[in-house]
Amino acid sequence: MWEYTDKVRDHFFNPRNVGEIEDADGVGEVGSLACGDALRLTFKLDTDGRIVDAKFKTFGCASAIATSSVLTELIRGKTLEEAMKVTNKDIADYLGGLPEQKMHCSVMGREALEAAIENYRGGGSKKHEIQGNVVCTCFGVTDVEIERVIRENNLTTVEQVTNYCKAGGGCGGCKGEIEKIIERIQGEKVQEQALPPPRKDRRLTNIQKIQLIQQTINEQIRPALRAHGGNIELIDVAGDKVVIAFRGMCAQCKISDFTMKDVVEAKLREFVSESLYVEEDKESMEQGHEHGGKP
Amino acid sequence: MKVIYFDNNATTRVADEVYEAMQPYFTDFYGNPSSMHTFGGQVGIKVREGRERVAALLGCEPGEIIFTSCGTESDSAAIHGALAAAPQKRKVITTRVEHPAVLAVCRDLESHGYTVVELGVDKLGRLNLDELEHELNNDTALVTIMYANNETGVIFPIEQIAEMVTSRGVTFHTDAVQVVGKAPLNLAKSRINLLSLSGHKLHAPKGVGVLYVKKGTRIAPFLLGGHQEGGRRAGTENVPGIIGLGKACESAAQHMEDENTRVRRLRDRLESTILKTCPDSRVNGDRRSRLPNTTNISFEYVEGEAILLLLDRHGICASSGSACTSGSLEPSHVLRAMGVPFTAAHGSIRFSLSRYNTEEEVDFTIQKMPGIIHRLRELSPFVQTAKR
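For the record, the sequence lines run as chains B and D.
All the letters of the first sequence, read from the start, carry residue numbers 1 to 295 under the working numbering.
All the letters of the second sequence, read from the start, carry residue numbers 1001 to 1388 under the working numbering.
It should be emphasised that the hints constitute simulated quantities derived from the structure, not laboratory data.
The structure displayed is predicted, hence computed values, not measured ones.
A few of these clues could be false.
[Said to hold, decoys possible] Calculated pairs, DSS-like style, for lysine-lysine (alpha carbon to alpha carbon, straight line, at most 30 Å):
1. D:K1002 - D:K1368
2. D:K1002 - B:K7
3. D:K1214 - D:K1089
4. B:K209 - D:K1091
5. D:K1089 - B:K267
6. D:K1091 - D:K1215
7. B:K241 - D:K1089
8. D:K1189 - D:K1046
9. B:K55 - B:K44
10. B:K261 - D:K1091
11. B:K267 - D:K1091
12. D:K1368 - B:K55
13. D:K1089 - B:K261
14. B:K209 - B:K282
15. B:K241 - D:K1091
16. D:K1276 - D:K1002
[Claimed, not checked] Far from chain B by the CB rule (all over 10 Å, computed), these chain D residues:
17. E1061
18. K1089
19. E1163
20. E1229
[To be verified] Which chain D residues stay away from chain B? Per the calculated CB distances, all over 12 Å, these:
21. Y1005
22. D1028
23. G1041
24. L1224
25. Q1367
Yeah, the Cβ is synthetic: ideal placement off N, Cα and C, and Gly gets one too.
Looking at chain D on its own, in the form it has when it is part of the complex (with noise of 0.2 Å):
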């Protein structure tokens, strides 16, 4: 059965032309690039070209990225390096619907003597910054607001936000895994201090991320005992993953036109269509401030986990933020955030695009929805009584 894959922003496919690049440095050029002897010498050279491929797509100094093991390592990394270089202050700003990788670290620093605030969202998933404005004071060590919600798409306005908290002398993360690659950056002109990112979310391998670091932001060095990443994330590089990771950004500002008309035309298609034949659905998130590749549509009276296994029986792969798949007993934190009711965040599905849908997988997914929901209501106790 062929796959229709439309959980990009869970994980991606590895391009073909990045697995090409990372190849010979697994069995042929397995070199130290910290070796003195030419053999790892190349492999060096190699590491470097990644590094400014990463920092041309990013527009920053190849000096400014450190490379991690994932997108979760940056977070920690962020988080925890920017407090310990401020150990003075006390307070960190986030928001209720970032990742795990950001919430999970910030609740933990309150056990720790901090005092955390969770900035709220309206019922679209946007931020209201005077809020944020009115929390920032002197004791403020650091702010973290994702760039793009994973489960909705919804794009937050960072540049502006960066402006408001380095204007107060408080350092700014943010993390940018769903949205490198998709929207263009340029982060010399910008005023964000620290960013994440993940590869295997642009078509790079998993196993290899970026924390990019300000010249001049304060963070302290978090894995020790070795001279790599300038001494600030110690440890032999990840060779073929970062060769990897270059060739992905190098690939994806090549196809950043791609993702935003084709694949935009895609997701708004299936979106549109799924609307207009499936009653009672809606979408999550602020249609007019979202990743070009992501959806969020719920569908009242039925359960995620449910639809999610009648779409994989044809080889459609989405994901959903009801508490059956978030592994709790919960529905998603974002859109219990977002005020979404109960009845529609247990039938909440995603569906995150890339380049490498086609208008046929589309078609295919638009004519199977329909009767999965309908068969699905057929079974659900409420439909009857919504309808008397």
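Okay, chain B solo, but in the shape it has when bound (with noise of 0.2 Å):
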């Protein structure tokens, strides 16, 4: 069970605010149901440009739902230049924290405020505009998004990143961008460092270097495969020869020919040796199966 705080539990159980403003002078959306959680904030504005109300509906876990009440609480009686100054970490101080796995329920708060502004201003979509390249195709999370998060909170990991903003939470296949972009703003490495590769060695021994081989496979290769439904598995070394089938997604994928085996020699060539050469097995690739994929 989650540890919430008596506040969080307060504004879970008698959330304050809950409703649509039927005549709004802005509107923001964010999230979806997909996602798991999603709010829509309304508010008006008085005629000296400051917020008389706001109001909430959200779809989410009781985090969510208390994040949203308190930002209502927040903004209200603020102007619009002092709402924007309101940061997740705000939303979350003033619950007396949230749990690290739920820091993502305040950033949605703040991006819903950030939206009703910028619909208010712009008169245009209600919805939470998508900013930059998005980096994380599970939840639809861009590299500005994720900036912006490490930023504001400092943080350091690509765990930390996952709880404040999902991204790298769905396949994992965007975690070594998330890193790069933790990289790049610390201006550090992140604390979490990615397995040594495997030491080479030129002399090796038969069993050595399958052995070599299957845990290069293992370590720098399945992962990434596994992450967009797909497998690779070891069928025969011989000699520089290395034969392997791909599996799931990946024995379907056209270009796998091309990118995939150049990937794979690229990569035990590395860690290996340079004499390597990669083969396909066709003929185990026609007995293929699919599993694992996302639905």
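Two chains, two frames, some hints: make the complex.
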């Protein structure tokens, strides 16, 4: 069970300002049913340009509902300039903190607020505008959003980024890219280092070579394929010839011949031996099967 | 506040008679069953009796029972033990809806040169046996398929599967932790080679499990360093746990009828009333082949964790397959394998009953449920959109 503060429980059990303002000045929407949480924020300004009323509707867990409720409380009475300064950290702090894995709820609140203000100013879309390039395709998170949560919350690990904006929380295929963004922003290596690559040794016995090939496939190649619903199998090693078969999505992929074989070959040459070359076992591919793919 | 416990697929209350049977073996009869003296020896007799009682419930020989520490250990031992006994074969077949105790082990095998096939299920959570038959070949070392699903309660045709698999000379393991005590088993007549069970799912304490190994099935030892459990799982026995599990198995046989009549009726009434009183709700899983105690209901447009917390305020314990409760950002792998839409998967609630549940508890829950769902839908931005 999650450990929620009394404040979170209070705002979940007794949410403030639930509903929708009919003739709202600004409307902001973020999230979707598929993602597991979504928020629609509406606000009304008075003649001085201050937020006189704000209401929300939220689909999501207890912390999503509590952060939405707090957001409406926080922005009431503020001018839009003041409201723009509310960060996800302010929302979380007001609640006496959120469990780490739930920090993305507070980020969703801040995004809905921005979308609503943009909607008022530009009169355009109510939807949270996607800026930048999508990094995490599972949850549709862009580099701009990732950079922002890293800066505002001083994040240093991929796991933290996932907790704050969900990026990397699906198939995990974008973790390497997130790591690079963290490195760029923090100007230093992330705390969680990838496993050191297998040591390359020129004088290998046959068994050592096969083991090293298998290890390289396990650690360097399979995780990336698995993330996209595919897989790889080591069929045979004969001298410098390495016979492999692609499984799942990769087996049916038309371009696997040009790309994946080359990637595998490059990795094996890098980590095992320069003289290796890769061949694909087409015969076993035909008996291949589909599994592990995402629905 | 009175607790209404509808989470029996997670764990169960230790039965009074089980607790009583165990008690003397902590402070009074604490001897080691392997000792030569009478003080220890008398404990050995009770361990033997526990083994006989478990065997009686499963319909097998006492010598086919290996005591373990939990269902997860039994699963791991079965898979690794069976593969070690067939080192020339490299293929393993399982399903996409297995418990992580099986699925994670199988996926790890891929890193050790094994080919692992995960069979899919249809939208009712059923397997296609033709697909299984098609995948069986001479390279197949093991097939491991759960007896009944912990999330939906859907029961697979395990006897038929065991027949198909073993007739091809392949070892068959089943994770039966949700079934033992709820459905009768007769392993002497079955073709199942290996079967896992867990004590705490049938009113025995946590910390004791069983791996059944059919006579003649080759399996490598998994804990070395002693003669216990036929040398296959060494280590001083969990004496109170084994005695408790023996008693629980005896009780389970006596209550089997009740589980399949009274408990089933309670579950059916809970389920059908909720479906009637809560709009946009649906059952996940094949209702014609299901455990008598389990129902998995999806409520569209609301999120599972929020439902659980509101139930919790009334003392009602259940569980959910939503992303927020699974500890990840994605909903249950079982519901996704069944193709349950995200809208419904995030709002899924599992109620799992036991013989300790009463009519009053079902009445109380039925009475609270519509208000909880209505309240969350009031908050949901999708409800209005959906109605438009």
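Which of the numbered hints are not met once you compare them with the structure shown?
none
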